[in-house]
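*Asks:* Listed below are the residues making up each chain.
Number of protein chains: 2
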Amino acid sequence: MPSSPIRKLAPLAAQAKKEGVKVYHLNIGQPDLPSPQKGLNALKSISRTTLEYSPSEGYAFLRERLCGYYAKFGISLTPEEIIITTGGSEAILLGFFTCLNPGDEIVMVEPCYANYISFAKTAGVVVKTVTARIEDGFRLPPVEEFEKAITPRTKAILLCNPANPTGYVYTPEELQQIKEIVVSHDLFLFADEVYREFVYNGKPYTSALTLDIPENVVLIDSVSKRYSECGIRVGMLITHNKQVHDTVLKYCQARLSPPLLGQIVADASIDGVEAYARSCFEEYKERRDFFIKGLNEIPGVYSPMPEGAFYTVASLPVEDAEDFCRWLLTDFRLNGETVMMAPAAGFYCTPGLGKNQVRMAYVLKREDLAQALTILRKALETYCK
Amino acid sequence: MPSSPIRKLAPLAAQAKKEGVKVYHLNIGQPDLPSPQKGLNALKSISRTTLEYSPSEGYAFLRERLCGYYAKFGISLTPEEIIITTGGSEAILLGFFTCLNPGDEIVMVEPCYANYISFAKTAGVVVKTVTARIEDGFRLPPVEEFEKAITPRTKAILLCNPANPTGYVYTPEELQQIKEIVVSHDLFLFADEVYREFVYNGKPYTSALTLDIPENVVLIDSVSKRYSECGIRVGMLITHNKQVHDTVLKYCQARLSPPLLGQIVADASIDGVEAYARSCFEEYKERRDFFIKGLNEIPGVYSPMPEGAFYTVASLPVEDAEDFCRWLLTDFRLNGETVMMAPAAGFYCTPGLGKNQVRMAYVLKREDLAQALTILRKALETYCK
Chain A
1 MPSSPIRKLA
11 PLAAQAKKEG
21 VKVYHLNIGQ
31 PDLPSPQKGL
41 NALKSISRTT
51 LEYSPSEGYA
61 FLRERLCGYY
71 AKFGISLTPE
81 EIIITTGGSE
91 AILLGFFTCL
101 NPGDEIVMVE
111 PCYANYISFA
121 KTAGVVVKTV
131 TARIEDGFRL
141 PPVEEFEKAI
151 TPRTKAILLC
161 NPANPTGYVY
171 TPEELQQIKE
181 IVVSHDLFLF
191 ADEVYREFVY
201 NGKPYTSALT
211 LDIPENVVLI
221 DSVSKRYSEC
231 GIRVGMLITH
241 NKQVHDTVLK
251 YCQARLSPPL
261 LGQIVADASI
271 DGVEAYARSC
281 FEEYKERRDF
291 FIKGLNEIPG
301 VYSPMPEGAF
311 YTVASLPVED
321 AEDFCRWLLT
331 DFRLNGETVM
341 MAPAAGFYCT
351 PGLGKNQVRM
361 AYVLKREDLA
371 QALTILRKAL
381 ETYCK
Chain B
1 MPSSPIRKLA
11 PLAAQAKKEG
21 VKVYHLNIGQ
31 PDLPSPQKGL
41 NALKSISRTT
51 LEYSPSEGYA
61 FLRERLCGYY
71 AKFGISLTPE
81 EIIITTGGSE
91 AILLGFFTCL
101 NPGDEIVMVE
111 PCYANYISFA
121 KTAGVVVKTV
131 TARIEDGFRL
141 PPVEEFEKAI
151 TPRTKAILLC
161 NPANPTGYVY
171 TPEELQQIKE
181 IVVSHDLFLF
191 ADEVYREFVY
201 NGKPYTSALT
211 LDIPENVVLI
221 DSVSKRYSEC
231 GIRVGMLITH
241 NKQVHDTVLK
251 YCQARLSPPL
261 LGQIVADASI
271 DGVEAYARSC
281 FEEYKERRDF
291 FIKGLNEIPG
301 VYSPMPEGAF
311 YTVASLPVED
321 AEDFCRWLLT
331 DFRLNGETVM
341 MAPAAGFYCT
351 PGLGKNQVRM
361 AYVLKREDLA
371 QALTILRKAL
381 ETYCK
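Residue numbers (our numbering), protein chains in the order written: chain A, 1 to 385; chain B, 1 to 385.
Hints were generated in silico from the structure; no laboratory data involved.
The structure presented is a predicted model; accordingly, all values stated were derived computationally and were not measured.
Do not rely on the hints blindly, as some may be mistaken.
It does not matter which identical chain is meant; a pair holds if it fits inside one copy or across any two.
[Stated by the list, open to error] Straight-line distance between alpha carbons at most 27 Å, and here's what the computed BS3-like set of lysine-lysine pairs gives:
no., residue 1, residue 2
1, Lys365, Lys17
2, Lys18, Lys242
3, Lys365, Lys22
4, Lys17, Lys242
5, Lys250, Lys72
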């Protein structure tokens with residue numbers, strides 16, 4: 001098992017904090033925005049006296065409510081097509097176990113969410129990658145590169161849209177290209193759409209479930225990011241493919257049930273939170289504009305403008321970004337403060353790629369982002385001397 | 001993936017309920033006792049406004065409090081040796097992934113908790129079994145049978161104590177035998193001790209962690225059963241073996257974090273609940289005495305007296321207990337009521353074993369158990385005609 005590039009430097013950060021250093025966390029997509037008050041209130045009004053198992057597939061009331069949510073995005077579902085999982089993480093892992101045998105191959109766009117690689121390893125699945133390039137703004141690599149990556153053992157493509165870690169939002173044309181590849185090779189399409197509500201380009205969002213390949217698509221979703229409820233561990237695996245659904249459900253039965261309390265909070269958070277969602281959206285958009293502009297003003301730093309999610313992958317004027325990230329935690333202080341970032345190499349499968357890049361999440365409030373930018377600028381000046 | 005024998009008949013039960021039939025659930029270890037009021041109160045007083053990720057290994061405050069809990073059982077631990085998991089289920093699965101390679105073998109006593117078999121399958125691990133017999137009260141099979149089951153590929157033994165599904169409590173002598181096998185073959189010992197507090201024989205309980213083989217033991221635990229908090233999904237994986245701990249932690253980092261809300265409830269439930277624990281204990285003990293006596297009074301039914309947990313495996317005067325269990329749900333009604341049980345064959349690995357047995361959980365209140373016994377007696381009379 002590889003260490004999580006997002007969390008592997010955590011012991012160094014913990015040590016710095018022990019020494020009284022303030023650490024700005026740009027490394028992890030842990031939103032600082034409050035969860036919706038409706039969700040928090042639901043906890044206060046729980047009247048049940050036994051915190052019992054929920055059904056393995058999750059409560060029907062939550063799955064029914066989610067159908068209404070997806071309908072707003074033009075996605076037509078029945079509650080029987082939704083399985084509640086322990087976060088999006090479990091949805092991915094169980095999707096892999098269900099659709100892929102050990103030795104099967106899955107094609108991903110790199111840089112990709114690092115834990116996909118861990119989950120693939122856990123399931124004995126071989127990851128093949130096509131590389132999105134920072135100089136192209138991390139857009140979809142050409143179809144020919146996918147064709148080159150596909151072998152007789154390829155069983156699936158995974159696409160995260162909007163993408164973590166790059167924030168790239170795939171265009172309808174790119175999604176059509178993916179659809180054609182999926183159809184012509186008869187592949188599963190794992191579509192991770194947990195950042196669906198964070199698209200800043202003003203264009204309508206295209207879900208993989210609207211591509212008209214219902215038997216191929218396994219949708220991964222989660223309430224973690226959209227309601228700032230990462231800790232409640234409520235995700236979903238959604239598919240029209242009955243055979244996939246039924247096998248995932250068997251895995252779910254083995255682990256008994258998803259978290260009861262999280263389901264109660266999630267259920268209360270879905271409806272009637274339009275004002276909340278809008279304010280989160282505006283907040284992230286403003287932070288993005290501010291943060292990416294600030295990054296690009298630091299000499300030697302380059303970040304494309306991400307159109308979605310709340311991450312960016314930026315290149316730094318260093319040879320080894322991991323060494324720089326470690327040094328920030330162990331050695332560098334600006335008035336007793338420093339910054340934690342995730343070295344981007346861990347988001348690539350191809351050795352050597354992304355060595356001078358970092359992934360940053362703009363999930364801190366604006367004054368903290370400003371301070372983090374100041375620290376980063378000073379740190380680079382010192383480190384690069 | 002095999003279907004869970006505990007939940008596979010669930011659709012039939014759901015159908016019966018739709019038709020207005022009352023179903024007594026003896027199939028699943030879902031306690032009906034209330035969770036501790038302290039745990040429930042903790043939910044009302046949550047003041048945090050963002051339901052954020054917890055650390056991958058779980059909150060330090062909870063792990064510290066657990067050290068105090070284990071100390072009462074003579075188990076000396078540091079918080080760094082405890083990893084909080086999403087229920088005991090995740091602890092087992094990650095323990096398998098960590099300690100066993102695909103193709104490795106694990107020896108279990110059958111009948112065993114059916115989901116062990118599912119988790120082993122998920123990890124590509126081969127399950128070998130030694131058979132505990134109903135006529136021996138499900139005591140530990142002789143050492144020679146373990147020796148016969150062990151091959152060069154055997155890497156671990158799993159022991160659930162008190163045992164699910166039989167309720168058997170292993171004696172100190174039996175645990176010494178297990179220890180000797182573990183040491184002589186250099187195996188891991190997975191010790192599932194989630195029913196530790198439900199031992200009715202009045203004798204002191206021996207944890208695998210007190211066997212003085214610290215590098216071999218991987219303890220699986222959970223608050224689900226002891227606090228009637230199955231739905232909060234808080235378990236633990238505990239080991240003195242640093243290498244195992246560190247690898248499990250990598251898997252935990254990939255899935256980000258265990259449930260936040262469950263940890264808050266569990267933390268509040270551990271201390272100052274002596275009166276609660278005593279009343280649960282007394283309640284289960286009374287139910288056991290009542291239920292097992294009632295079972296053995298039904299012609300052709302035999303159940304040993306389980307000394308722990310809240311299950312029993314009983315033999316019925318039928319050829320195919322699964323058929324009987326299905327028939328109960330689809331065809332048999334006594335005044336509009338019926339009983340759901342788990343066919344025991346799914347708890348055995350050896351084909352053909354346990355075909356006339358069922359697992360029952362006595363987690364219903366006494367009058368419901370009485371009614372379930374009446375239904376079972378009448379149903380057997382009708383079915384066996």
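*Asks:* Checking against the hints above, which ones are violated?
*Replies:* Failing hint: just 5.
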